[in-house]
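Number of protein chains: 2
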Amino acid sequence: MTWFRNILQITSFKSSFNQKHTYPSSQIIYTTRFFIRNFTSESFQTTPSPSSSPSVSNTITSGLEPTKPNEKPRVVVLGSGWAGCRLMKGLDTNIYDVVCVSPRNHMVFTPLLASTCVGTLEFRSVAEPIGRIQPAISTAPGSYFFLANCKGIDTDKHEIKCETVTDGADSVPPWNFKIAYDKLVIASGAEASTFGIKGVKEHAIFLREVSHAQEIRRKLLLNLMLSDVPGISKEEKSRLLHCVVIGGGPTGVEFSGELSDFIKKDVHERYAHVKDYIHVTLIEANEILSSFDVRLREYATKQLTKSGVRLVHGVVKEVQPQKIILNDGTEVPYGLLVWSTGVGPSNFIKATELPKSPGGRIGVDEWLRVPSVQDVFSIGDCAGFLETTGRPVLPALAQVAERQGRYLAVLLNRVGKVGGGHANCANDTELGGQFVYRHLGSMATVGRYKALVDLRKNKEGKGISLTGFVSWFIWRSAYLTRVVSWRNRFYVAVNWATTFVFGRDISRI
Amino acid sequence: MTWFRNILQITSFKSSFNQKHTYPSSQIIYTTRFFIRNFTSESFQTTPSPSSSPSVSNTITSGLEPTKPNEKPRVVVLGSGWAGCRLMKGLDTNIYDVVCVSPRNHMVFTPLLASTCVGTLEFRSVAEPIGRIQPAISTAPGSYFFLANCKGIDTDKHEIKCETVTDGADSVPPWNFKIAYDKLVIASGAEASTFGIKGVKEHAIFLREVSHAQEIRRKLLLNLMLSDVPGISKEEKSRLLHCVVIGGGPTGVEFSGELSDFIKKDVHERYAHVKDYIHVTLIEANEILSSFDVRLREYATKQLTKSGVRLVHGVVKEVQPQKIILNDGTEVPYGLLVWSTGVGPSNFIKATELPKSPGGRIGVDEWLRVPSVQDVFSIGDCAGFLETTGRPVLPALAQVAERQGRYLAVLLNRVGKVGGGHANCANDTELGGQFVYRHLGSMATVGRYKALVDLRKNKEGKGISLTGFVSWFIWRSAYLTRVVSWRNRFYVAVNWATTFVFGRDISRI
Numbered sequence: 004m005t006w007f008r009n010i011l012q013i014t015s016f017k018s019s020f021n022q023k024h025t026y027p028s029s030q031i032i033y034t035t036r037f038f039i040r041n042f043t044s045e046s047f048q049t050t051p052s053p054s055s056s057p058s059v060s061n062t063i064t065s066g067l068e069p070t071k072p073n074e075k076p077r078v079v080v081l082g083s084g085w086a087g088c089r090l091m092k093g094l095d096t097n098i099y100d101v102v103c104v105s106p107r108n109h110m111v112f113t114p115l116l117a118s119t120c121v122g123t124l125e126f127r128s129v130a131e132p133i134g135r136i137q138p139a140i141s142t143a144p145g146s147y148f149f150l151a152n153c154k155g156i157d158t159d160k161h162e163i164k165c166e167t168v169t170d171g172a173d174s175v176p177p178w179n180f181k182i183a184y185d186k187l188v189i190a191s192g193a194e195a196s197t198f199g200i201k202g203v204k205e206h207a208i209f210l211r212e213v214s215h216a217q218e219i220r221r222k223l224l225l226n227l228m229l230s231d232v233p234g235i236s237k238e239e240k241s242r243l244l245h246c247v248v249i250g251g252g253p254t255g256v257e258f259s260g261e262l263s264d265f266i267k268k269d270v271h272e273r274y275a276h277v278k279d280y281i282h283v284t285l286i287e288a289n290e291i292l293s294s295f296d297v298r299l300r301e302y303a304t305k306q307l308t309k310s311g312v313r314l315v316h317g318v319v320k321e322v323q324p325q326k327i328i329l330n331d332g333t334e335v336p337y338g339l340l341v342w343s344t345g346v347g348p349s350n351f352i353k354a355t356e357l358p359k360s361p362g363g364r365i366g367v368d369e370w371l372r373v374p375s376v377q378d379v380f381s382i383g384d385c386a387g388f389l390e391t392t393g394r395p396v397l398p399a400l401a402q403v404a405e406r407q408g409r410y411l412a413v414l415l416n417r418v419g420k421v422g423g424g425h426a427n428c429a430n431d432t433e434l435g436g437q438f439v440y441r442h443l444g445s446m447a448t449v450g451r452y453k454a455l456v457d458l459r460k461n462k463e464g465k466g467i468s469l470t471g472f473v474s475w476f477i478w479r480s481a482y483l484t485r486v487v488s489w490r491n492r493f494y495v496a497v498n499w500a501t502t503f504v505f506g507r508d509i510s511r512i
Numbered sequence: 004m005t006w007f008r009n010i011l012q013i014t015s016f017k018s019s020f021n022q023k024h025t026y027p028s029s030q031i032i033y034t035t036r037f038f039i040r041n042f043t044s045e046s047f048q049t050t051p052s053p054s055s056s057p058s059v060s061n062t063i064t065s066g067l068e069p070t071k072p073n074e075k076p077r078v079v080v081l082g083s084g085w086a087g088c089r090l091m092k093g094l095d096t097n098i099y100d101v102v103c104v105s106p107r108n109h110m111v112f113t114p115l116l117a118s119t120c121v122g123t124l125e126f127r128s129v130a131e132p133i134g135r136i137q138p139a140i141s142t143a144p145g146s147y148f149f150l151a152n153c154k155g156i157d158t159d160k161h162e163i164k165c166e167t168v169t170d171g172a173d174s175v176p177p178w179n180f181k182i183a184y185d186k187l188v189i190a191s192g193a194e195a196s197t198f199g200i201k202g203v204k205e206h207a208i209f210l211r212e213v214s215h216a217q218e219i220r221r222k223l224l225l226n227l228m229l230s231d232v233p234g235i236s237k238e239e240k241s242r243l244l245h246c247v248v249i250g251g252g253p254t255g256v257e258f259s260g261e262l263s264d265f266i267k268k269d270v271h272e273r274y275a276h277v278k279d280y281i282h283v284t285l286i287e288a289n290e291i292l293s294s295f296d297v298r299l300r301e302y303a304t305k306q307l308t309k310s311g312v313r314l315v316h317g318v319v320k321e322v323q324p325q326k327i328i329l330n331d332g333t334e335v336p337y338g339l340l341v342w343s344t345g346v347g348p349s350n351f352i353k354a355t356e357l358p359k360s361p362g363g364r365i366g367v368d369e370w371l372r373v374p375s376v377q378d379v380f381s382i383g384d385c386a387g388f389l390e391t392t393g394r395p396v397l398p399a400l401a402q403v404a405e406r407q408g409r410y411l412a413v414l415l416n417r418v419g420k421v422g423g424g425h426a427n428c429a430n431d432t433e434l435g436g437q438f439v440y441r442h443l444g445s446m447a448t449v450g451r452y453k454a455l456v457d458l459r460k461n462k463e464g465k466g467i468s469l470t471g472f473v474s475w476f477i478w479r480s481a482y483l484t485r486v487v488s489w490r491n492r493f494y495v496a497v498n499w500a501t502t503f504v505f506g507r508d509i510s511r512i
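The listed protein sequences correspond, in order, to chains D and X. Counting from 1 along the first sequence, just add 3 to a position and that's the residue number in the working numbering. Counting from 1 along the second sequence, just add 3 to a position and that's the residue number in the working numbering.
Treat the hints with care, as some may be off.
Since the list gives no way to pick out one identical chain from another, each pair is judged satisfied if it fits inside one copy or across any two copies.
With a Cα cut of at most 25 Å, we get these calculated DSS-like pairs of lysine-lysine [stated by the list, open to error]:
id, residue 1, residue 2
1, K268, K305
2, K320, K267
3, K160, K359
4, K204, K268
5, K353, K268
6, K92, K268
7, K278, K305
8, K420, K71
9, K278, K359
Since the hints were derived computationally from the structure, they do not count as laboratory data. If you're wondering where the values come from, they're calculated on a predicted model, not measured in any experiment.
Please construct the entire structure, taking both the sequences and the accompanying hints into account.
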């Protein structure tokens, strides 16, 4: 077998200067052919291995070249939220190749995220892999999903710069690459607002990603268990088990409701020793659910108070590791702090040199195009109508993002069908009707099988408002039909049924 | 409302020197009564708050005092694995108070852990909260679960020293406390063996806890996604997607089988761009499944090879961040390294001054008592028969631990019923029959609806061996009936059905 070892060593030497992948045959008892193919003969390559050149992040050596006229045009989508995913789902992959760039490989079904923090739903039930939403990205030859952040847009060259997301000490260092686009859709969303308040980023937990819900759950269960251990003072116990929610919008109200449900049912049963110490406080500077009908607001206030949530008017001045300082000097000790005061433009959006709408979002026209540049669109929480359109900036809601994604998919398909898919080709194409948003109504749950449904078209309008169990049933049904795949619909239904029968899960994993 | 503020300030001053919990009434719009009760008047306390005295870990100020003759005797269980949980489930809580000390609040259903790494099962389906196994620990006044590690045993004083498990920067620092016991059961398990090989702890992932399975899953999905990004060489891609499993016992074989299943079905469908680069190698120094019948071993070898797992004879010398060095100098590059070469005594067990069995486990007699000390028992992977008993040390298997837990529960209930429950009271009590272990057979799956069932009583004996689909069906059914609660039985069945219909989940959360 010497010939074999020689071949291995020669190919190995030829293919790599930095790493030796020799695999002497004496060690291999089965399927040696695999080893040769993978560790040696396939390794003829010119690009330096990223792990062997840590300086790679400054020199971009590779990426996706511009498409040729005989190839499918390429739509590059930044982000994997409601807007981006709905767009990708609707794009005709016979016309376009789809490339998605996002730091996460799934869409989060945000309206149900609050339920996962206390174990009503499993984390996986609210996460939908992008590969299920648009299967082409994992199978079609020119479509890809890249786990990366966009670092810059060159609208003249029609290309973007990206940096991979990696983690862990043993992982490869992040590296940069470029992607040329025919159409670029910026749907990278917004960031949680902290209003520059000191300590928020360090000590509060937001509620926007699955990882946030996991962190809240781990902390809540840790605090419940720690407060039962001998040696802890009653005062410290009260602090550890004081859950404070800042912000009385739908997310804050739903989370408070879920939390008080969890306390009423599960903590009383499973953490009986400490049940009298746990409390939920919701702090809001103005009014809770300010976008809802006044009758619904009153109902929500009554229901939350009834289920033990303390509603406090206050403005946060500073957040310290174990207490919040309000504007008037009041100190509020806490064990868990959840921050949900709405969203603002992300640093990436702030840094782009594209035109801006009021509020600092990327400015778009009536067709969701970014004017002044070619082939760039923006949808979702990161986009807003330009002042020149005379239209208001739409609220940062899942239904706005979803509707924009659906609209833009139709528009791009129409453009592509008539040959306007490639870069700088769509100047004379008929774009179709403008994007018009019609509000279908708002929903929020307040716990204990109670919810609010506000079916008014706008804040001033008149319309149907519902409260109570019927409303809660509508809330659950509406979400169930919107959860993207059948797999997750099935899982959410099973989760709800299991929680109803067996109670919530309390294992801290 | 000045009277109210004064009361708040006075009680607050009286109760705490270090922290102010004043909550001026002007801010409180609802349920002020709660605040007073929780932040002030309940805070009369003498023990210093742990957070205000970081030095608390050296001075133990509190804990559970010895039980009085008119109180229920207290059984303290160290650990929450198969042995400890089966014991707690069987203990009669009319006779005993049960206190469990463990760094995790759930039992892991270890035989199904390998399936969670690739998304066949959800993580939560294999974790059973201790509060469901023995509800008394969360509700009965004298029974507790403490999230802590045992740091020392004083058999003369009949007490143990513990330190709480905490995490996160904003959490309280860990503190120490004491627990007096009437009966102590050491069931803290074993640790993964590294045989002192350099780099194993730093770079390999074990497969013993849910967190390990989560880490494996995150790394596998990260590597799959990274290897699709432009700028990565083919050689680096092959390295990233090379999954190496060290150890050919049931865990290593099952994980390899699950992984090759995942590759054959899900990677080929969902990561089509990189499917030719991913490979699984199982490295074993001797033979795979060495405890099984020779016919079953041959079958397993054939099945694994057929499904693409490369079996390699080899002894690992050193583990580096991206490659393994074998004893003969061969270098094996890897992207994911899973280490499952069996278990050995933990540092805690090594440090105790109790008698030891061959192999360094805590030595027990035929009734699972630790001789030479009063009221101490040991079960599970941390215990072994003393040489003087003339019996062999039992293998570190779930079924041994489960049988020992069940036996000891019956023994302790019998002792407690005749008044021997309190410390130093059981000298003349009739203990009943000795513990005798009868091996019921071994099972292992090799992926693709194939499994092995070895129903021989021991390695040399003759008996029934099964392979193939029937065997796989038995394997699944057997596990389904053993998953502890109906909730988890239901979930595991639902997970299996969903995976069968929709494929595995690939979201990286």
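Violations among the numbered hints: 2, 4, 5 and 9
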